[in-house]
Every structure is written in C-alpha cells, then in structure tokens.
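Residue numbers (the numbering used here), protein chains in the order written: chain E, 1 to 292; chain Y, 1001 to 1215.
One should not assume that every hint holds.
[To be verified] Taking lysine-lysine and the BS3-like style, the derived pairs with C-alpha atoms no more than 27 Å apart in a straight line are:
hint	chain 1	residue 1	chain 2	residue 2
1	E	Lys26	Y	Lys1162
2	E	Lys12	E	Lys95
3	E	Lys177	Y	Lys1134
4	Y	Lys1134	E	Lys74
Since the hints were derived computationally from the structure, they do not count as laboratory data.
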Amino acid sequence: MLFNDWLEDNSKIILFNGAMGTELIKRGLPPGKIPDLMNIENPEMIIDIHKSYYKAGSDMCQTNSFGSTPMNLKRYNLEDQIEDIITKALENIRKVCPKDHLVVADIGPTGEFRPPVGSATLEQWHSSFSTQAKLLEKGVDLWHIETISDIEEMITAIKAIRGVSQKPIIASMTYQKTKRGFFTIMGDSLEKCIELLENEKVDVIGANCTIGSKEMVELFKIAVKLTNKPFSVKPNAGQPRIEGARTYYEQPIVEFTKDIYEMIQNGAKIVGGCCGTSPQTIKELRKIIDSI
Amino acid sequence: MSQEEIYTEICNAIVNLDEEKAINLAKKAVKEEIDLLEVIENGYAAGIRRVGELWEEGEFFLPELMKGAQIMQNCMDIIIPHLQKGSERISLGTVVIATIEGDIHSIGKTIVATMLRAYGFEVFDLGADVPAEKIIDIAIEKNADIIGVSALLTTTMIGQKKIIDLLKEKNLADKFKVIFGGAPVTSTWVEECNADGFADNAIEAIQLVKSLLNK
Chain E
1 MLFNDWLEDN SKIILFNGAM GTELIKRGLP PGKIPDLMNI ENPEMIIDIH KSYYKAGSDM
61 CQTNSFGSTP MNLKRYNLED QIEDIITKAL ENIRKVCPKD HLVVADIGPT GEFRPPVGSA
121 TLEQWHSSFS TQAKLLEKGV DLWHIETISD IEEMITAIKA IRGVSQKPII ASMTYQKTKR
181 GFFTIMGDSL EKCIELLENE KVDVIGANCT IGSKEMVELF KIAVKLTNKP FSVKPNAGQP
241 RIEGARTYYE QPIVEFTKDI YEMIQNGAKI VGGCCGTSPQ TIKELRKIID SI
Chain Y
1001 MSQEEIYTEI CNAIVNLDEE KAINLAKKAV KEEIDLLEVI ENGYAAGIRR VGELWEEGEF
1061 FLPELMKGAQ IMQNCMDIII PHLQKGSERI SLGTVVIATI EGDIHSIGKT IVATMLRAYG
1121 FEVFDLGADV PAEKIIDIAI EKNADIIGVS ALLTTTMIGQ KKIIDLLKEK NLADKFKVIF
1181 GGAPVTSTWV EECNADGFAD NAIEAIQLVK SLLNK
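With the hints as extra help, turn the sequences into a complete structure.
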C-alpha cells in the first residue's frame, strides 16, 4: 500500500493538505453553516479546494467530513443526511485525486464532552464514530483523527475505526501551551497522549490546530524524544487577528514554512497546515520538500 | 473543631474536588446550626475561587473546573433551603446567558454559566443557537441585570451586535448590561458594538459581571 511505502521510505516527507474551513470562509461560507453540508450544497466549491491542494503539491488530502458524525450533525438537525453528506464528500475528493496520491478520511471530534464537562458516554462516541467510519471506509486510503482534546475520545475513535477498517490511522491531538508544558484543554499532557497512542499502535502520532507553527516547533522537539513513531504536524498559520466579524491569519507564509522546515530537519514525517493555511502555503512547502 | 477549621476544611474539600466530604460538611453545618452564610462565603465560595485561580494558572483543566462548580452547586442545594428567612444569601444579580443563533458551540457558555452560579449569581442558561429576540424576551421576563451572549464563530458574531441593536430599538439599552464571550471576540468588537464588556474566560467573566454590577 502506497502510504505504508511512504512511511517506510526514510527519504520521503509526506505533504498533507492545508485548511478546509478557512478556505470555505474565504469563499463565502454562510454564517453558522457546517462545512460538511457544502459537499451537497456546493460540491464545486469543495472540489475546487481539493483540486487546488493536490495541484499545489499535497501527496494526500482529507475528505470534507470533519464534522460528519451523527452526534455533531444532530446539533444542526442534519443527522438524517449523514449518508448523503459522506457519499458526496467521497465523490468530491475522488474526482480530483490524482494517480499515486491519497484520500484521507477526516474525522473530527463529536463536539460532545464526557462528564463533568458534558454528558457524552463512551458508547455514544463509539457508535457515532463507527457510523461515520463505516460510510467513509469504502472511499478512503487511510484515516486522520484530528483536533481531539480528550484522549479517551481519541481512543474511542481509534477503536471504532478498527471495527470497520484495517487501513492506517494518523491520530492527532490538539494541545495548548501551558507553563507546565503542552496539554489539551481537558488536561491530557503531550506525554500521556503519546504513551497511550503508542499503546493503541496507531501508525502515525500527530498534533494539529490550536497552536501556530512556532509553538508546534517547540511541541515537536519534545514529542520526538517521546516516540519513535512517525509524527504528523499540522499547525495553524500563527494566531488569528480578529477585526469586526472577520478573522485574519497574517503570519507570512515564509515564517510558517521556515518552522515546518525546522520540524522536517528534526524528523517530522508528515507536514501540512491547519486553520489559516492555504494552497499557497502548500505550494511553498512543496518547493522546500523537493529541495531537500 | 472551630468554625475557622470547618471553613478551611470545606474550602479544601472543594479544591480537592472531594464531593463526598464537601456534601458531608454541608450537612454537618446545617445540623450544627453554624452560621450558614459564613459557611458559604468562607468555605464554599473561597474554595471555588481557588479552583478558578488554579484553572487560570494552568494547574487545573476543564474537567476540574466543571467538577468544582458542580460540587459547589450540589452543596448549595443542601444549604440554601436551611438559610433562615431574611438571611438568604443575597443573589449577586441575575444573568441571562446564551450562545447566539446559528452557533451551536455551548461549552464555553456553559462553563461561564456554571461558574457564575457557583459564585452566587442567579443564572438562566438558554442554551445554544438562540435567536436574539428570544434572549431579550427572557431577559425582560426574568428582570435580568446582565445579558451574556456567546459566539464562537466569526460568522455568527454579528448576532451579538443584533442584541445591542434590538435593545436600542426597543428603548431597553439602559435596562441591561450586555457582555460578549467567545474565542473571536475582542475589545475592538465590543467597542464597535457598543457592548459593556467581554471576557476571555470564565474567571474573567465573573470579575466583569461583578464590576459591572459594582459587587
């Protein structure tokens, strides 16, 4: 399988895609609308974004399915449309995925927390991820579970996916920097997450979102000492500046790519971007990777 | 055990998130007819303030913050019915809080509501995706002092402004203080909307509400 070949090839740095959400906002995603619904309502827009990432040089891109779990869709009264949303998500990306490139199933958090923060149960999480994974399985090459802030939710997602698929899994938690180190908002430390993800035998451990590339460089320096697993980094394009009702990610691309370069030098296997990154960012990263 | 020692023990039970102990101490305070207002202020409220500080310092995380507030609330449910008439813990004020229409992110708003309750405010949490009109109607009905509006999306922030505009339209602008919350909210946005303030987190929200009400 291509992805496993890439993992085994020491000279290969895998280039992931950049953001979907902020690209959709740029293209006028209406207020309060879940990006996943755009698979049905505006497939051309989604196809265009996927296409621009593959064209910019991404080896693999993610389906537009971050929020497509029954638990999350229910909050938008869209749970009945899950099959259509995911079927279209697969169609949209498959149409433009070039040969020898990969389609990654994007799995985001359910949006519901365990007590005492929320009222979700492990069973609800499992059932929700399982439904999403069953629908995605036929059209994807591997999995990326991302932006998760509770390690128990991550482990539940991994188990749910393993129940329906043998394909490789990248497991990316989202951390904030505290004075005691990197922790999720639920209090899971980077050290604890890496240990538990190693126990789960995921193929790649990762970190994405919340922090910008500068802090990700710091996080990665710690992470690399804690695991021999391949590591994936998808930081945000710095911290956003908010003006009125609009958000601007103004970090110069060259700063972002410089940080990514440093992480590659330190051993990052998969690199890409989260909020605020664009096809232009990926294009610059492609140049850097090709020059190594 | 002196009263001071009981207060310290209560405070520690809250900070240690020891629900059983905190509840037993509430029952003991009721049974032994200790001054319950003192018990609340010097024991439970002191404890929850410390929990809030630990969260701000990055020692505690969301589960600890929420657990602390919930234990506090459960203890208040035991104590408050036993307060003597006329000595009720005076509510610090009434807050109507909601996440604005089109936005389903409720966690930050729920944390603020829980903490405000723990600190002694009367809070009506209307949930998420609530139209501006409904928030105002309920604020009128409950005679609220403060309206808190959360938005986590830059695309739904505009709904926060709608609250202010509607209040002006209805000549109610002076009746309520309106505060904003949510990751994308900044002081510039608050000024632009002519709102009364915003807070970055639950602890700041409490300080903000207190200062707006001169408590």
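Going through the hints against the structure:
| no. | hint | in the structure |
| --- | --- | --- |
| 1 | E:Lys26 <-> Y:Lys1162 | holds, 23 Å |
| 2 | E:Lys12 <-> E:Lys95 | holds, 25 Å |
| 3 | E:Lys177 <-> Y:Lys1134 | violated, 38 Å |
| 4 | Y:Lys1134 <-> E:Lys74 | holds, 22 Å |
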